[in-house]
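Engineer: Could you build all of it, start to finish, from the sequences and the hints given here?
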Amino acid sequence: MRLVNLKPGRQVRFYLAGLPFILVAVAYLIGSHIRLAENPDDKLLPALSTMAEAIRHMAFEIDVRTGSIPLLSDTIASLDRLLSALAISTSVALVLGIMIGLLPGVNALMAPFVGVASMVPPLALLPILFIAMGLGEGSKVALIVIGTLPFIIRYLTLRVLELPREQLIKAQTLGASTWQIALRVVLPQILPRLIDSLQLQLGPAWLFLIAAEAIASDSGLGYRIFLVRRYLSMDVIIPYVIWITFLAFLMDAGLSLLQRKLFPWFASVRSE
Amino acid sequence: MSAIRFENVWKEYGDHIVLERITLDVASRAFIALVGPSGCGKTTFLRMLLGEESPTRGQILVDGAPLKPEPDADRGVVFQRYSVFPHLTVLQNVLLGRELQHAKLTGRLFGAARRAAVDEAMALLAEVGLSGHEHKYPASLSGGMQQRLALAQAIMRGPKILLLDEPFGALDPGIRADIHVLMKRLWHETELTVVMVTHDLSEAFRLATRVIALERSRSRPEELERYGATISRDLEIYPRRTAGARQVATIRSGQDDQATNGV
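Protein chains in written order, with the working numbering: chain A, 1 to 272; chain B, 273 to 535.
Calculated directly from the structure, the hints in this document are not laboratory data. Keep in mind that the hints are not guaranteed to be accurate.
[Stated by the list, open to error] With beta-carbon atoms standing in for the labels, derived distance ranges:
1) B:505 / A:2: 53 to 61 Å
2) A:21 / B:382: 50 to 58 Å
3) A:191 / B:382: 17 to 25 Å
4) B:442 / A:254: 37 to 45 Å
Beta carbons: idealized from backbone N, C-alpha and C, even for Gly.
Structural biologist: Put into structure tokens, the structure is as follows:
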């Protein structure tokens with residue numbers, strides 16, 4: 001049988017999915033074991049027990065200096081920045097994306113500008129943001145907004161333009177005004193696609209968050225990683241990276257679930 | 273219920289002439305079938321009538337007044353595809369016209385107004401044979417059912433003219449025959465003037481009161497660009513068919529099949 005026709009069953013699929021994870025873990029353990037056998041003080045690939053100790057220290061003990069649990073306060077600080085930035089991005093992008101996609105006049109006015117703006121490397125703007133807005137929360141949120149907004153706008157604009165011409169005509173023959181078309185035809189069909197674009201932008205959003213926190217911050221997951229880097233504390237960095245990955249994965253899965261529950265009609269539209 | 277008049281209408285895209293010298297009078301309550309080979313401008317003709325495109329020369333009059341240059345509620349339409357909204361259930365699709373009509377700001381009806389509209393929509397759905405499917409999404413309906421829904425949705429808003437762009441072209445023969453019966457009944461029971469584009473001649477002759485063929489009279493390659501299609505045949509169907517012994521939109525009262533006696 002050809003490889004293209006060999007489809008794994010449910011169970012095989014499950015094991016296959018788990019295999020890369022296990023391979024990475026085993027490779028790490030072997031590497032760690034070899035290095036530690038050579039030098040018990042090696043910090044590069046800490047043993048599981050060392051990491052467990054670091055996790056206990058960071059996640060389950062109150063830091064005497066700040067009076068809070070480091071992992072918890074870092075997570076809250078980072079999520080606060082990330083979520084407020086994404087809330088701004090998505091709500092602005094939703095309005096602009098629909099207007100640029102639906103109204104030819106606004107398209108002529110804004111589409112080229114958004115196209116150019118999305119090419120500006122956001123990290124290059126970071127110094128400007130720090131100079132203009134100071135080192136506070138504002139500049140970090142602004143970086144994430146600037147980094148994600150143009151892409152969500154462009155994505156949504158394209159999705160609006162992709163709606164079949166027939167639908168917009170049909171709505172007009174039912175007497176819909178421009179406002180009603182936006183409200184009853186375009187908006188509800190764009191919302192599930194907004195979730196798509198949000199999922200695509202989660203990666204960049206985390207990237208900008210960590211970058212901003214690494215450069216100038218006194219709290220946050222990115223701040224912590226770059227702080228302990230000075231002491232080569234891989235036993236803290238690795239669990240933190242896994243924790244960040246887990247948070248991002250949860251958001252992605254949550255958005256997928258939200259899309260399925262809120263827009264049950266969308267799956268069949270997408271598979272067309 | 274509207275008479276349509278084309279006065280020496282031309283449609284050109286740049287140097288390319290698609291339609292030329294189209295002069296046509298369509299009586300109120302007529303059922304016109306527009307036939308012709310593909311690429312002869314049938315769809316362009318319909319798009320002009322819809323207000324989506326405007327004629328390069330000449331003008332189109334509806335009841336003596338120039339056609340509005342954009343689609344409006346006077347002209348309903350059913351396309352071959354994408355005619356219904358995938359994010360709305362069957363019932364919501366039919367309700368939409370009424371909601372857009374009465375709720376300018378929110379586009380939604382509430383309370384008693386909504387209940388009245390729902391009753392009306394349910395009656396209409398029963399009429400087109402979609403009872404029991406009210407809460408399904410269009411994607412889970414068959415092609416024929418989707419087109420029935422599209423018809424109900426268009427008629428709910430009470431247009432004067434109904435434009436059909438190869439609406440039954442993608443359906444199986446059996447299903448197409450059923451929907452022809454429905455289409456005929458709707459034409460009799462409402463006050464519609466119908467213009468249907470089709471490539472199926474038997475469908476055209478079965479349904480229409482008048483069949484109009486569009487064709488390019490010149491077909492040499494160097495002439496194709498500069499000569500558009502014209503009306504090459506204009507056939508009144510005999511014996512003459514006239515719309516609806518039963519006048520006025522009885523469809524709104526949720527009647528049963530008896531009304532087909534006008535055929």
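Engineer: Now tell me if each hint is right for this structure.
Structural biologist: Taking the hints in turn, this is what the structure says about them:
1. B:505 / A:2: 53 to 61 Å: 54 Å, holds
2. A:21 / B:382: 50 to 58 Å: 51 Å, holds
3. A:191 / B:382: 17 to 25 Å: The hinted range 17 to 25 Å holds for residue 191 (chain A) and residue 382 (chain B), with Cβ atoms some 21 Å apart.
4. B:442 / A:254: 37 to 45 Å: 39 Å, holds
Against the hints set out earlier in the document, no violation occurs for any number.
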